[in-house]
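Chains A, B and C supply the protein sequences, listed in that same order.
Reading the first sequence from the start, the letters are residues 1 to 338 in this note's numbering.
Reading the second sequence from the start, the letters are residues 1 to 253 in this note's numbering.
Reading the third sequence from the start, the letters are residues 1 to 386 in this note's numbering.
It should be emphasised that the hints constitute simulated quantities derived from the structure, not laboratory data.
Hints may contain errors.
Said to hold, decoys possible - Derived contacts from chain A toward chain C, CB cut-off under 7 Å, selection only:
| # | residue |
| --- | --- |
| 1 | 5 |
| 2 | 140 |
| 3 | 149 |
| 4 | 189 |
| 5 | 233 |
Said to hold, decoys possible - Below are the DSS-like pairs computed for lysine-lysine, each with C-alpha atoms no more than 25 Å apart in a straight line:
| # | chain 1 | residue 1 | chain 2 | residue 2 |
| --- | --- | --- | --- | --- |
| 6 | B | 108 | C | 364 |
| 7 | B | 156 | A | 124 |
| 8 | C | 228 | B | 73 |
| 9 | B | 123 | B | 73 |
| 10 | C | 228 | B | 109 |
| 11 | A | 124 | C | 364 |
| 12 | B | 144 | C | 214 |
| 13 | C | 214 | B | 123 |
| 14 | C | 364 | B | 144 |
| 15 | B | 156 | C | 147 |
| 16 | B | 144 | B | 123 |
| 17 | B | 109 | C | 214 |
| 18 | B | 198 | B | 19 |
| 19 | B | 73 | C | 364 |
| 20 | B | 123 | B | 109 |
| 21 | B | 109 | B | 198 |
Unchecked claim - Just a few of them, taken from the derived set where beta-carbon distance is under 10 Å, the chain C residues facing chain B:
| # | residue |
| --- | --- |
| 22 | 6 |
| 23 | 21 |
| 24 | 33 |
| 25 | 35 |
| 26 | 144 |
| 27 | 147 |
| 28 | 150 |
| 29 | 161 |
| 30 | 193 |
| 31 | 204 |
| 32 | 208 |
| 33 | 224 |
| 34 | 339 |
| 35 | 361 |
Glycine included, C-beta positions come from ideal geometry on N, C-alpha and C.
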Amino acid sequence: MDALLLQVLNGLDKGGAYALIALGLTLVFGTLGVVNFAHGALFMLGAFCTVTLQKILGTSVRVRDESVTFFEAYKEVPYLVLWFGDAGKAVLQWVVPLSILLAIPVMMLIGLVMERGLIRHFYKRPHAEQILVTFGLAIVLQEIIKAMFGANPIPQVVPPIFSGSAEIGEWLGLGPGVSYPWWRLIYLAFSLSVVGAVFAFLQRTTYGMTVRAGMADRETVGLLGIDIENRFTLVFGLAAVVAGLAGVMYTPVLPPDYHMGMDFLVLSFVVVVVGGMGSLGGAVAAGFLLGIVQSFASMTFIKEILPGIDQIIIYLIAVGILLARPRGLMGRKGVMET
Amino acid sequence: MGDILLHVKDVHKSFGGLKALTNINLAIEQGTTHAIIGPNGAGKSTLLNTVIGRLVPDSGSVMFGGRSLTGLKPFEINQVGVVRVFQTPEIFPDLTLLQNVMIPALAKKEGSFRFNAFASLFKDTDVRDQALAMLEDLGLAEQKDREAAHLSRGDKRRLEMAMGLVQRPRLLLLDEPTAGMARHDTNRTIDLLQEVKKTGLTKVIIEHDMHVVFSLADRITVLAQGTIICEGTPDEVRGNPKVQEAYLGGAHL
Amino acid sequence: MTLDSPRREALVMAVFAVVILTMPLWMAPFGASYPDLLQKFAIYGIFAIGFNILFGLTGYLSFGHAAFLGVGSYAAMWSFKALSANVLPAVLGGVLISGLFAALIGYVCLRRSGIYFSILTLALAQMSYNMAYSVLTPITNGETGLKLTQTDARVFDQLAGVVPEAGLPSTSLFGLEMTGYPGFYFCAVALIGAFFVALRIFNSPFGLKLRAIKSNQTRLLYTGFNPKPHLWVAFILSGMYAGLAGALLVVTDPLAGAERMQWTASGEVVLMTILGGAGTLVGPLLGAGLIKYFENIFSSFNAQTLHDAFSFLPDFLENTLVFLISPFVGHGWHLTLGVLFMLVVIFLPGGLMEGIRRLTRLVKARRDRNSDPEGAAVVPPSSVEG
């Protein structure tokens, strides 16, 4: 029972990342009809918002290290610490949550620029060309990041009050034994609230209703005199923000590097396909589901029976679903079939 | 009475709650030209689509030369000898006219699949000659090396016709072969189809243009709201008050 | 690129063979005339030509072809290890095993079309890559990669009484070692053969049917052809080309690792084909050559070479230029590749071959105008640009 719970939890936080990326991917699919291979890069850019903020806030100066008395030693001290002491130190420790504030406008801007500058010229072109140009864009973005930040992963810290583990077992009355890192719980809660916010936005606002109508039937909405392409530029921005936030909060779990976008992209496509292309609920459900499945598949006793299953289970499911039920778990028939 | 080539028996088809075809029975004789007419939404295209395998009837059967077509894939139905000329030209836009016509000619020669990756297309002179002759017949020979996408709409329809005729089908289904054509082109098409008729080819034509129908058809079936309301020779149909009322709104032909 | 007679076919082949075999000569001025790079040209040329048979002719965009390259490499390695150091069984084995593997993958993926096909190939290839890294370690030797060892069985060689020499065995064609120029010429002959087969396919009824699939698959169905088996055969053929390329990779450098199966490697062959011109015969080869050339030349540049190159400029200009260019060379050459690729997809979807076509048309139009000024006045400018 304990082990079971732990696996579910393990799967949920990764599933949260999948769900957020797949959510944006599906929004863009559904409204704009574009297959965006650069969506993983947006996740990566989000993560690098954190890195950027960390670099800016952590700008440091070389000072004499007083603690070393035998010889003249120097150490790097961030200006923030130099000027504000412990308060500065605290700011540095809170860089991950703080960078959410940076990521929202930055990612929105990146999304809008991407849509206006590139994607919109591809609405009328074949899907193959959409895939190709966004694939090219993904390469360009990741190489720019590589040129700026180098090829090595850059670890990020968790704010001190979230470090350590939560004793979930005791809360649920299962006794000690089930403990789980705080940050991963936060990530889960965070992704759920972002998903909730996006859904609330789509359900409650007039704009959101237009978006949903557009996803249900592009042509009719177009006939109603609504300029789909102009209306939905913002959708692209929104998708970029969601992917970016997923990236920001994931940095303490996975130190960001330039190719993390590509790694997540393939899995996110699998998630979208399993959930059903064009179905938002399907994307979110499939994201969490596949996260959990993956986590169970990597349990030792399962790996003993089926070695390597954790590496391939997601793909097997995707292939099975595409063949047996091409519209996915919750998708409509015929979306993007040609 | 000649042999019956195509036999549609008790076909029903509905989409959701909407009955598109009810109790359709048709017998088309070898060598005749059979026109199906009826107002918009009468079910003419649905009927044609059930014959060529694009739609599967809910019940009933379609027999062709003693063989059931129900449940066959479109390419299998074509291989049996039932060829459809589409209403909106569905050609191969990136290929040349000659290639467009060679493909159905090859299909007739090769069957539904043949791996001939090392054969040379240029040595396939019989297919090439057939295709060229067909283009010649339809007055498209001069444009044979053009990409089909650049053709005028009228020429596309003639190309579509060439692609159908080059297979020398046993049954040709024509879906409004003259819709949207100028009078001059319509007359040319009628001449062409009359020419074809002499070869004994069996045809089913769906058409709005009564001039075309009465110039070509041996028999006419009138569809309205998914059922057959009348069938007979052109003169019988012309004189049938039921047809005039239901379909023609009392106007005289 | 369609040729209208067998005689022209022979002519093209003769010209092609001469061009490929004399590469060591005419590549010299470009600084690319060393065997390692020449081998890569030939090998990736084969890979791209094969990919183009699927993508260029049928329009089915596979994002998983690197898997077949990898399988070809592993199969060839095992032939070296278990059978013989001779390259012929290795190449044959690589092609056959990849063909079988492609038959399996193709059967599954071709149940769907469009974007679903792309995602299926992507998922299956990524799955194969993950398996090569984990479960299949006994066959692939996981992260380390498969290498030749002194103690390999090499059954045929033992039967033939070949005495293993000291040190690592090397791959050979009946005693001729497959490194350096002999290695290149072996790959070049394979490339010429591969090109010939592609040429025949392009000019065959089969090739025409594949093109018809790309143009209008539904219509093909109603002309009496069944597109599925045609697609399947095209998929298998292109998988075999990839297998040949994979086998040649280990013929010239006997080491097979899983990283060459990763989906970004599949992306690379897509880049090559698009860059050169999908659907044309020579385009993919051109794309493969360019990408491999720049990979080697650009990536060897560093800030110092740039400073040397611009040293004739005033210091200020020199430094600015170096600063602007340096992210695009050396380790950053992928950035150049990405930008170039995007420009091609945006402005020249037909690739460099289309660019060349447009250019010749432009030159011709200009020449016509000069010789016949009155006629040219009638031609609207847009039709000249084409």
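These are the hints, each one checked on the structure:
1. With its C-beta approaching chain C no nearer than about 27 Å, residue 5 of chain A sits outside the 7 Å limit, and its interface hint is violated.
2. Hint on residue 140 of chain A holds. Least Cβ distance to chain C is approximately 4 Å, under the 7 Å limit.
3. Proximity of residue 149 of chain A to chain C is violated relative to the hint, the smallest CB-CB distance being about 12 Å (cut-off 7 Å).
4. A least Cβ separation of about 30 Å between residue 189 of chain A and chain C goes past the 7 Å threshold, and the interface hint is therefore violated.
5. This hint is violated: residue 233 of chain A has a C-beta 19 Å from the nearest C-beta of chain C, more than the 7 Å allowed.
6. Between the alpha carbons of residue 108 of chain B and residue 364 of chain C the distance comes to roughly 41 Å, so the proposed pair goes past 25 Å and is violated.
7. Note on residue 156 of chain B and residue 124 of chain A: the hinted pairing holds, with a Cα-Cα distance of about 24 Å set against a maximum of 25 Å.
8. Taken as a hint, the residue 228 of chain C and residue 73 of chain B pair is honoured in the structure, with Cα atoms around 12 Å apart against an allowance of 25 Å.
9. At most 25 Å may separate the alpha-carbon atoms for a hinted pair to count; residue 123 of chain B and residue 73 of chain B exceed this at roughly 31 Å.
10. For the suggested pair residue 228 of chain C and residue 109 of chain B, the alpha carbons sit about 19 Å apart, so the restraint of at most 25 Å is met.
11. Distance hint between residue 124 of chain A and residue 364 of chain C is unfulfilled; the C-alpha atoms sit about 31 Å from each other, more than 25 Å.
12. The hinted pair formed by residue 144 of chain B and residue 214 of chain C meets the criterion: a straight-line CA distance of about 20 Å does not exceed 25 Å.
13. A threshold of 25 Å between alpha carbons decides the hint, and for residue 214 of chain C with residue 123 of chain B the separation of about 24 Å falls inside it, so the pair holds.
14. Distance restraint check for residue 364 of chain C and residue 144 of chain B: the Cα-Cα separation of roughly 23 Å lies within the 25 Å cut-off, and the hinted pair is therefore satisfied.
15. For the proposed pair residue 156 of chain B and residue 147 of chain C, the alpha carbon gap of about 60 Å is over 25 Å, so the pair is violated.
16. The hinted pair formed by residue 144 of chain B and residue 123 of chain B meets the criterion: a straight-line CA distance of about 18 Å does not exceed 25 Å.
17. Proximity of residue 109 of chain B to residue 214 of chain C is assessed by CA-CA distance (about 22 Å); at most 25 Å being required, the pair is judged to hold.
18. For the given pair, residue 198 of chain B sits about 38 Å from residue 19 of chain B by alpha-carbon distance, which is inconsistent with the 25 Å threshold.
19. Restraint check for residue 73 of chain B and residue 364 of chain C: the C-alpha separation of about 49 Å exceeds 25 Å, so the hint is violated.
20. For the proposed pair residue 123 of chain B and residue 109 of chain B, the alpha carbon gap of about 14 Å is at most 25 Å, so the pair holds.
21. Between the alpha carbons of residue 109 of chain B and residue 198 of chain B the distance comes to roughly 24 Å, so the proposed pair stays at or under 25 Å and holds.
22. For residue 6 of chain C, the suggested interface contact is upheld, since its CB lies about 6 Å from the closest CB of chain B, less than 10 Å.
23. The beta carbon of residue 21 of chain C is not positioned within 10 Å of any beta carbon in chain B (closest approach about 24 Å), and the interface hint is therefore violated.
24. Look at residue 33 of chain C: its Cβ only gets to about 34 Å from chain B, farther than 10 Å, so that hint breaks.
25. Taking 10 Å as the C-beta contact cut-off toward chain B, the hint placing residue 35 of chain C at the interface is violated, the least distance being around 32 Å.
26. A cut of 10 Å between beta carbons decides the hint on residue 144 of chain C: the least distance to chain B is about 39 Å, and the hint is violated.
27. The interface hint given for residue 147 of chain C is broken, as the beta carbon of that residue sits about 37 Å from the closest beta carbon of chain B, more than 10 Å.
28. Against a cut-off of 10 Å between C-beta atoms, the interface hint on residue 150 of chain C is violated, since the closest Cβ of chain B lies about 43 Å away.
29. Hint on residue 161 of chain C is violated. Least Cβ distance to chain B is approximately 39 Å, over the 10 Å limit.
30. Taking 10 Å as the C-beta contact cut-off toward chain B, the hint placing residue 193 of chain C at the interface is violated, the least distance being around 13 Å.
31. The interface hint given for residue 204 of chain C holds, since its Cβ lies 5 Å from the closest Cβ of chain B, which is under the 10 Å cut-off.
32. For residue 208 of chain C, the shortest C-beta to C-beta distance to chain B is roughly 6 Å, which falls under 10 Å, so the interface hint holds.
33. A least Cβ separation of about 4 Å between residue 224 of chain C and chain B falls short of the 10 Å threshold, and the interface hint therefore holds.
34. The closest approach between the C-beta of residue 339 of chain C and any C-beta of chain B is roughly 29 Å, which is over the 10 Å cut-off, so the hint fails.
35. Residue-level restraint check for residue 361 of chain C is violated (minimum Cβ-Cβ distance to chain B is 15 Å; threshold 10 Å).
The structure is inconsistent with the numbered hints 1, 3, 4, 5, 6, 9, 11, 15, 18, 19, 23, 24, 25, 26, 27, 28, 29, 30, 34, 35, although it conforms to all the rest.
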